[in-house]
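Protein chains in written order, with the numbering used here: chain X, 211 to 836; chain B, 372 to 602.
Treat the hints with caution; some may be incorrect.
[Unchecked claim] Covered, in the sense of this in silico footprint (three residues per stretch, anywhere, with C-beta under 8 angstroms from a C-beta of chain X), are these stretches of chain B:
1. 380 to 394
2. 541 to 551
[Claimed, not checked] Okay, the calculated beta carbon distance ranges per label pair:
3. B/Lys389 / X/Arg718: 26 to 32 angstroms
4. X/Thr390 / B/Lys389: 32 to 38 angstroms
5. X/Val812 / B/Arg526: 45 to 51 angstroms
6. X/Pro439 / B/Pro388: 43 to 49 angstroms
7. B/Arg493 / X/Val835: 18 to 24 angstroms
8. B/Lys374 / X/Glu758: 22 to 28 angstroms
9. B/Asn412 / X/Asp544: 44 to 50 angstroms
10. X/Arg720 / B/Arg493: 16 to 22 angstroms
11. B/Thr377 / X/Arg718: 52 to 58 angstroms
It should be emphasised that the hints constitute simulated quantities derived from the structure, not laboratory data.
Yeah, the Cβ is synthetic: ideal placement off N, Cα and C, and Gly gets one too.
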Amino acid sequence: MPTVKNATALEKLSSPESLEALRKDIQARSRQTKITVTMCGGTGCCASRAQDVMDALRSEIKKNRLEYDVRVRITGCHGFCEQGPLMIIDPGNVFYCRLKPEHAADIVSRTLAGGEVIEDLLYTDPVTGRKARTESAIPFYRAQDRQLLSLNKLVDPLCIEDYIGAGGYAALAKALSGMTPAAVLEQVKKSGLRGRGGGGYPTAKKWAECADAPGEEKFVICNADEGDPGAYMDRCLLEGNPHLVLEGMALGALAIGAQHGYIYVRNEYPLAVRHARAAVESARAAGLLGGNILGSEFSFDVDIARGGGAFVCGESTALIASLEGKVGEPRPKDVHTVVQGLWDKPTTLNNVETWANVPSIITNGGAWFASKGTKGSKGTKIFALTGRVKNTGLVEVPMGTSLRTIVFDIGGGAPEGREIKAVQTGGPSGGCLPLSMFDMPVDFDALREAGSMVGSGGIVVMDDKTCMVDVAKYFLTFLRDESCGKCSTCRLGIDRMLEIVTDITEGRGRLEQLDLLTDLADTVAAASLCGLGKTAPNPVLSTLKYFEEEYRAHILEQRCPAGVCRSLIEYSIDAHACTGCGTCARACPHGAISGGKKQPHVLDASLCQKCGICISSCKFGAILVA
Amino acid sequence: MKKIVTLTIDGATTRAPKGTTVLDAAIEYGICIPHLCHIPNMTDIGACRLCIVENIVDGRSRITTSCTLDVQEGMVIRTNTERIRHLRRNIAELLVAQAPNSRAVQDMAVRCGVKEVRYPFRNDDCILCGRCVRICSDMWQARAIGFVGRGAERRVGFPFGDRPAYCKECNSCVDTCPMTIVPCEGSMKPGEAHLCGGCESQLSMASGAQEAMCVMCRLGEGFKCSRYGWQ
Numbered sequence: 211m212p213t214v215k216n217a218t219a220l221e222k223l224s225s226p227e228s229l230e231a232l233r234k235d236i237q238a239r240s241r242q243t244k245i246t247v248t249m250c251g252g253t254g255c256c257a258s259r260a261q262d263v264m265d266a267l268r269s270e271i272k273k274n275r276l277e278y279d280v281r282v283r284i285t286g287c288h289g290f291c292e293q294g295p296l297m298i299i300d301p302g303n304v305f306y307c308r309l310k311p312e313h314a315a316d317i318v319s320r321t322l323a324g325g326e327v328i329e330d331l332l333y334t335d336p337v338t339g340r341k342a343r344t345e346s347a348i349p350f351y352r353a354q355d356r357q358l359l360s361l362n363k364l365v366d367p368l369c370i371e372d373y374i375g376a377g378g379y380a381a382l383a384k385a386l387s388g389m390t391p392a393a394v395l396e397q398v399k400k401s402g403l404r405g406r407g408g409g410g411y412p413t414a415k416k417w418a419e420c421a422d423a424p425g426e427e428k429f430v431i432c433n434a435d436e437g438d439p440g441a442y443m444d445r446c447l448l449e450g451n452p453h454l455v456l457e458g459m460a461l462g463a464l465a466i467g468a469q470h471g472y473i474y475v476r477n478e479y480p481l482a483v484r485h486a487r488a489a490v491e492s493a494r495a496a497g498l499l500g501g502n503i504l505g506s507e508f509s510f511d512v513d514i515a516r517g518g519g520a521f522v523c524g525e526s527t528a529l530i531a532s533l534e535g536k537v538g539e540p541r542p543k544d545v546h547t548v549v550q551g552l553w554d555k556p557t558t559l560n561n562v563e564t565w566a567n568v569p570s571i572i573t574n575g576g577a578w579f580a581s582k583g584t585k586g587s588k589g590t591k592i593f594a595l596t597g598r599v600k601n602t603g604l605v606e607v608p609m610g611t612s613l614r615t616i617v618f619d620i621g622g623g624a625p626e627g628r629e630i631k632a633v634q635t636g637g638p639s640g641g642c643l644p645l646s647m648f649d650m651p652v653d654f655d656a657l658r659e660a661g662s663m664v665g666s667g668g669i670v671v672m673d674d675k676t677c678m679v680d681v682a683k684y685f686l687t688f689l690r691d692e693s694c695g696k697c698s699t700c701r702l703g704i705d706r707m708l709e710i711v712t713d714i715t716e717g718r719g720r721l722e723q724l725d726l727l728t729d730l731a732d733t734v735a736a737a738s739l740c741g742l743g744k745t746a747p748n749p750v751l752s753t754l755k756y757f758e759e760e761y762r763a764h765i766l767e768q769r770c771p772a773g774v775c776r777s778l779i780e781y782s783i784d785a786h787a788c789t790g791c792g793t794c795a796r797a798c799p800h801g802a803i804s805g806g807k808k809q810p811h812v813l814d815a816s817l818c819q820k821c822g823i824c825i826s827s828c829k830f831g832a833i834l835v836a
Numbered sequence: 372m373k374k375i376v377t378l379t380i381d382g383a384t385t386r387a388p389k390g391t392t393v394l395d396a397a398i399e400y401g402i403c404i405p406h407l408c409h410i411p412n413m414t415d416i417g418a419c420r421l422c423i424v425e426n427i428v429d430g431r432s433r434i435t436t437s438c439t440l441d442v443q444e445g446m447v448i449r450t451n452t453e454r455i456r457h458l459r460r461n462i463a464e465l466l467v468a469q470a471p472n473s474r475a476v477q478d479m480a481v482r483c484g485v486k487e488v489r490y491p492f493r494n495d496d497c498i499l500c501g502r503c504v505r506i507c508s509d510m511w512q513a514r515a516i517g518f519v520g521r522g523a524e525r526r527v528g529f530p531f532g533d534r535p536a537y538c539k540e541c542n543s544c545v546d547t548c549p550m551t552i553v554p555c556e557g558s559m560k561p562g563e564a565h566l567c568g569g570c571e572s573q574l575s576m577a578s579g580a581q582e583a584m585c586v587m588c589r590l591g592e593g594f595k596c597s598r599y600g601w602q
């Protein structure tokens, strides 16, 4: 394997010109590499045993004495987590998926040594049945516009040279050689970039307010305390390309006049913590962080702070309190954090994805960024597509792409012939949107108008087996557990909403409770202290708005249309469909199913706990839910 | 000499020194904003949410707690709109459903117009207003008690569950607790599922007066309204 120089051995870069020289050197060296094998080492692929595949691959390469011709690059997430572990082999950009350690020998002997493409390992389109040779031939990738995510596969997150080779730190060099802070700010303003963390606040406006705030000492903070169920785009960016985030932060610091930055990353992301730390160290060693960056007057350094696992610490004031060593609770925002933030100093806090967008804005100009997206929301946005959809993974599309494109064209629609009913966007602060609204463009303003929000960008797809009341109950339970409890409306209000929704799912609901629920939701939204409380009623309000008939069915008919709420459903066995195979009887942990061999089985409703194990064990669809 | 700013509260032009909160300024002027967790001269945390007001900024109304909002030159505040009264009633309803046996909370609920409670009563002894915590930390600098836990598990407790030596048993926390006011005769007994309404007779004084004007009502004494001062 050609040795990539260890980052710490890099000489300190003293000027933008020396950075360019280093970049040319790295690119020339990488052209000499005959074969590059890029493997996704993101959390998703690692969970699918990517590490075993890598180990097997490395030992096979050694066995075949190809170490000097092949470079194995372990990168961050490629986005197509559904098909992991993933591998891309250059030259040819051959894309292999769903790899297992036993494939390694074949890959090395046939593809790496022989240059042959192994058909069995290619991606098969489930609709057409055709094999796709490269990423660009796969519908999942083809329909996307991967500005940020496409960098992930080019960069080993632990190797700063990869990032520099891919054009990294060029934006910082450009800004430091001739751009004033005001010019940087002007480009961001032109780009129309809005905060990717949820609120969608114009980034340039925030920066300008912070730059104008009185005080010598200022801070920038990167919020990597991502906690929405189902959302993981920030983790993937920080794991896969930490230097991109660092460069964005440095540019922000330059624009507002900050000297120090913090990345607040949740401790449940060990890989992100490790990669961010390594990136800071190697950037410092290379003179891209620290005093007099690239020989200029500008000094900026970053520290990594780990979060302790509170969802509410993703809220800016709670995050700042936590960073100061206090209890992570929000405070009233009547004085904004851009004026009085960390240690009462002006502070700009942005989300990982927001920071990651900045370098390309400076390199390509704000107008380039503004050419993508809709009137009010510019650029691309990464969404985490999860739930009842064929292709789960990270999706990057221009703002304004319709939900239909995301769910059906990229996501491939519902698996097993089910029908998609709704999507939930924006995590616990967002709402549920029905199929009839799928043609709506996804941007900050359109989603908010519809009663949901972009949020951090989670999209959970739901099919006809999902009960919307149960969804509201799930999110309320999540929020009740994650509310800090400081203010009464959030603590008591969410608890009472959950009480009412639980009543409804358990058959004790009354029709007048729906009015109470709406009234209470309005109070919680209007009078709560922080963003968590203000947006907490969204899951309830949006499901009530679009799926009121489901609530009514629960209350008036004591029926759960999706067959989810346990108190309202009964299991039984269809005697015609049952073959008497006995699988369900063996699977039932409560002994509720009995019957003779080859005889239709019977289900004892008094013993049945409605766990659903029998349904998943029955091959004949003989278990009925009513 | 402190800088004086001019602001409008419910249409009345008032003047207050810079650094005062809107709640203090309003009460000083005689405008009643119901409040519970606020104690004069102590840090406000905005826990009970009862003192919400509308702050009109650029023609748009922002709802925020007046105890955490500092006065600013030219501010326009509305404390008693239809919307605020409705929200305040709902908040008071949540609080009284949680702790229906506290006379202070009952008084407050009646003052905010709660006639019936739409939730099952819970008979808790604490509504987490944090008055005790702030008396201990702000006034006595002792920090012998604090908030423990998150969300539904939040409670007031000693560090690690043991009474520390620096707790001087001064009882300030007990004195300031809205739960420890001697209950009136009509007060609820544990387990009862309705409000006694005994305080409503005292409302006559408040409701007859011009809207939102402080009439030094006896109810205010019950919840230790700032008008009565910290005693």
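Numbers of unmet hints, in rising order = When the structure is compared with the hints, numbers 1, 2, 3, 7, 8 and 9 turn out to be violated.
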